[in-house]
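Protein chains: 2
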Amino acid sequence: MSKNLTTREEDYSKWYNELVVKADLAENSGVKGCMVIKPYGYAIWEKMQAELDRMFKETGHQNAYFPLFVPKSMFEAEEKNAEGFAKECAIVTHYRLKNDPDKPGKLMVDPNAKLEEELIVRPTSEAIIWSTYKKWIQSHRDLPLLINQWANVVRWEMRTRLFLRTAEFLWQEGHTAHATRSEAIEESEKMMNVYADFAENFMGIPVIKGLKTETERFAGAEETYCIEALMQDGKALQAGTSHFLGQNFAKAFDVKFANHEGKLEHVWGTSWGVSTRLMGALVMTHSDDNGLVLPPNLAPIQVVIVPIYKSDEEFAAVSEAAQTLVSQFRKLRVSVKFDDRTTQKPGFKFAEWELKGVPVRIAIGPKDLENGTFEVARRDTLTKEVVQKDGIVTYVNDLLETIQQSLFNKALDYRNSHITKVENFDEFKDVLENKGGFISAHWDGTPETEEKIKEMTKATIRCIALDRVAESGVCVLTGKPSEGRVLFAKAY
Amino acid sequence: MSKNLTTREEDYSKWYNELVVKADLAENSGVKGCMVIKPYGYAIWEKMQAELDRMFKETGHQNAYFPLFVPKSMFEAEEKNAEGFAKECAIVTHYRLKNDPDKPGKLMVDPNAKLEEELIVRPTSEAIIWSTYKKWIQSHRDLPLLINQWANVVRWEMRTRLFLRTAEFLWQEGHTAHATRSEAIEESEKMMNVYADFAENFMGIPVIKGLKTETERFAGAEETYCIEALMQDGKALQAGTSHFLGQNFAKAFDVKFANHEGKLEHVWGTSWGVSTRLMGALVMTHSDDNGLVLPPNLAPIQVVIVPIYKSDEEFAAVSEAAQTLVSQFRKLRVSVKFDDRTTQKPGFKFAEWELKGVPVRIAIGPKDLENGTFEVARRDTLTKEVVQKDGIVTYVNDLLETIQQSLFNKALDYRNSHITKVENFDEFKDVLENKGGFISAHWDGTPETEEKIKEMTKATIRCIALDRVAESGVCVLTGKPSEGRVLFAKAY
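Residue numbers (the working numbering), protein chains in the order written: chain L, 2 to 493; chain Y, 2 to 493.
Only chain L is shown next, with the shape it has when bound in the complex (with noise of 0.2 angstroms):
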């Protein structure tokens, strides 16, 4: 098959989105900035849920789920988190359609079928789930609360993106109660960690793990942790948060508890999430101007094999070495697929295989059954060699677990070599404009000269990182004293 595809170093922008939709994980639909996660990019989401699930239960966290709409008066309880959201929420006003006297065969909005009070559909859940916890938690026997949900959430966004910023995604919200201030601030750094274990080991994404700025935090919390991964294009891109609300929606929906003493006190409450944003983190890590690169661990198929033939019988003995290979796999619990489309030549499945980013693939003729050996090439490299037939599946299975650390190591290096330390302005906008990634630089710790450097260079401060060191210094842009360095980079 024939990629077209354009390559980064022509437009990344095109290139992230052109290889979304021909490698099959999304594309867009006819609901305006709506997306239709097709079944190859469905399948990589399924493994970061089936991980991510796993990872929250051992945790200690179980699964329950809560309405999508949120009335009006709700929604407005908690009022920071409001005003952040009410900007771009989607607002059911009626419940029945009529149809329409004036246009045969269409459909109208009944007027008499108007709410008596208007439904958001959830941008996150905060409201909802709090206003239940009001009934679920008296005593400090109710607490910790450790709840999690699946779920989709709408958020009305102008300018959309595939997977990166859409008006519906896909994710998951824990949202969690407790009884000390000591208790809810160690869950936000354990979610907090629980997301870094899963970017870096899982994903292969390298992250720094910090705290946002007042202008940065999540509407309603105290305090927001973050993940903060970097694009091979230099931009930095959120991949996950876990805020400290304080007592804040405690105080909004009236959620106390009775302590020890039998004293009422407002519980300190958690929430923490992760998007099929995630997609986007992955896509923008791993691959290239060929297509796809997954992670052994997020790939639908780990392994495909492809034969080589030009006659029926040459077919016959090609396949029966492949369906040894495909048992051999499956007991080892590798994802194999036999690719043995007659319809499709060798070269056009090369080709359809590494736009998809499979890891591994075996390719095997008649002359590999001769000499017991087969051609195993590497997604990732772009490597290949021979390989003895005896032992192939412990080697292949080995190699997978090879190119998952080398993925991850690849990306560190760049993330790495990609943080800049600057002292000046003039050496800010030069790192930012002639290299790109994250720029170490001091900051004077107000929102007035955050916002001024966004304006001047779309840069925002990242995180404030957890093992930063005490440094001081001034600040890049007014020369005012500060006491360490924050992480600035354009973003996502």
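Mixed in with the good hints there might be a few duds.
One copy or any two copies: either way a pair holds, since identical chains are not told apart in the list.
Computed cross-link-like contacts, DSS-like style, restricted to lysine-lysine with a CA-CA straight-line distance of at most 30 angstroms [what the hints assert, rightly or not]:
1. 481 <-> 88
2. 346 <-> 368
3. 252 <-> 411
4. 332 <-> 58
5. 115 <-> 81
6. 350 <-> 15
7. 33 <-> 210
8. 99 <-> 115
9. 357 <-> 311
10. 436 <-> 135
11. 58 <-> 346
12. 88 <-> 104
13. 257 <-> 390
14. 58 <-> 48
15. 23 <-> 58
16. 257 <-> 33
17. 135 <-> 385
18. 257 <-> 23
19. 252 <-> 81
Simulated from the structure, these hints should not be mistaken for laboratory data.
With chain L's structure known, arrange chain Y on it following the hints.
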């Protein structure tokens, strides 16, 4: 714990409502008609999902995800489908809230943020999916297209009941496209059979497979296959449907494929779904006046171990024995909980796990340790027996299978004894009022008679059973000729 559960005899409907809430399955939310699925209920739903998902994938289906919203013009394209759902649609008309100038701290819908075209929150996804299939299908090589989606849907119901009828519910919806009529019919029947297999062998709910009458058919389908179950109060419940859509949606959305001769033809479609309604069927098929009775396949906790002790020493000895059992059960992948709460007495724990339907309870006290025997209680029969400690894990593991089978058999006996043949309308009314269940009766085949019977008795035709035998007779209401019996019942 005190259960205070209304008995089925007293008020079946009240018993159901109370049980769903008290057993922590679900509760009403602050959003009219929408429910909160609580962790214990959601854990059961997750088990259903996992099994169904496995069955769908084994039959060649892939998961994908399509938008929550359907633009009005797309919604109305298939006229019958649109007409069928128009009266119960949640409609998004605006995309922004703003501060209400008259009410400080309150929000109002921003009249300047009116959508050009209204969006319907999907009540079902045929429209959005077939509008996508138009892009995905060109050639016979693209067929069959076998897709499933796990999603939430909204149907604006005025009278709602937890799980059985809620404005928002969770479900899966399969949508497939085929080259021929017969292939599509085969698919519809296959998925009906998958549902029946799942209901009977996984949920322990016997079902009758059949066809819906024209009146009861899915809006936009040529034929609706269904599985019908019978609840303990003699009312039927439609547990799943599978629709043969003919070329209706292909024509409405202009979905054509080039056949082997290169000629363009409209494709043939199916759709099929089951929902969180199955949770209601589960409760009403097996449970009793003491609470839930869960089939072992669906029980989040299959075995609970309750310690009996007076002193700390006794507790330590009993706990040790319990922990040994726990690890043995886990090896067999039996889901087990050791209820070591020191805040509750054994009697409270017994009642709580009974209410929550845990299939097997093991009690261990100091005397049991002396005797080398434990007390094993079955939730379904409420019987107890003393079992030798050695081999108890294998014994209980086998017992779980026995219980699974026994629940199905019990439900089957009840169902079979509640299919009553009647020959005239007096008998019909008598059986309906005094016995309930399915009434097997002759019907003249007209929607008018069906409607009249419904008006007079509230009974509807649940299905034309697939295994019915040809038998000429006369309609119970009109005396007109009939070629076979159909099954009537009052239904949920």
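Right, here's what the structure says about each hint:
1. 481 <-> 88: neither (35 angstroms within a copy, 63 angstroms between copies)
2. 346 <-> 368: within (18 angstroms within a copy, 74 angstroms between copies)
3. 252 <-> 411: Answer is neither; intra-copy 47 angstroms and inter-copy 51 angstroms both fail.
4. 332 <-> 58: both (27 angstroms within a copy, 19 angstroms between copies)
5. 115 <-> 81: Answer is both: 28 angstroms inside a copy and 24 angstroms across each meet the 30 angstroms cutoff.
6. 350 <-> 15: For residue 350 and residue 15, only the intra-copy Cα distance (24 angstroms) is at most 30 angstroms; the inter-copy one is 61 angstroms.
7. 33 <-> 210: neither (34 angstroms within a copy, 40 angstroms between copies)
8. 99 <-> 115: both (13 angstroms within a copy, 19 angstroms between copies)
9. 357 <-> 311: within (26 angstroms within a copy, 64 angstroms between copies)
10. 436 <-> 135: neither (51 angstroms within a copy, 44 angstroms between copies)
11. 58 <-> 346: between (46 angstroms within a copy, 28 angstroms between copies)
12. 88 <-> 104: between (33 angstroms within a copy, 18 angstroms between copies)
13. 257 <-> 390: neither (66 angstroms within a copy, 46 angstroms between copies)
14. 58 <-> 48: Classified as both; 16 angstroms inside a copy, 15 angstroms across copies.
15. 23 <-> 58: Between copies only: 24 angstroms across chains, 35 angstroms inside a chain, cut-off 30 angstroms.
16. 257 <-> 33: Cα proximity of residue 257 and residue 33: across copies only (24 angstroms, versus 42 angstroms in one copy).
17. 135 <-> 385: The answer is neither: 60 angstroms in one copy and 39 angstroms across copies each exceed 30 angstroms.
18. 257 <-> 23: Result: close only across copies, 22 angstroms inter versus 52 angstroms intra.
19. 252 <-> 81: within (13 angstroms within a copy, 49 angstroms between copies)
Consistency note: the structure conflicts with the earlier hints numbered 1, 3, 7, 10, 13, 17.
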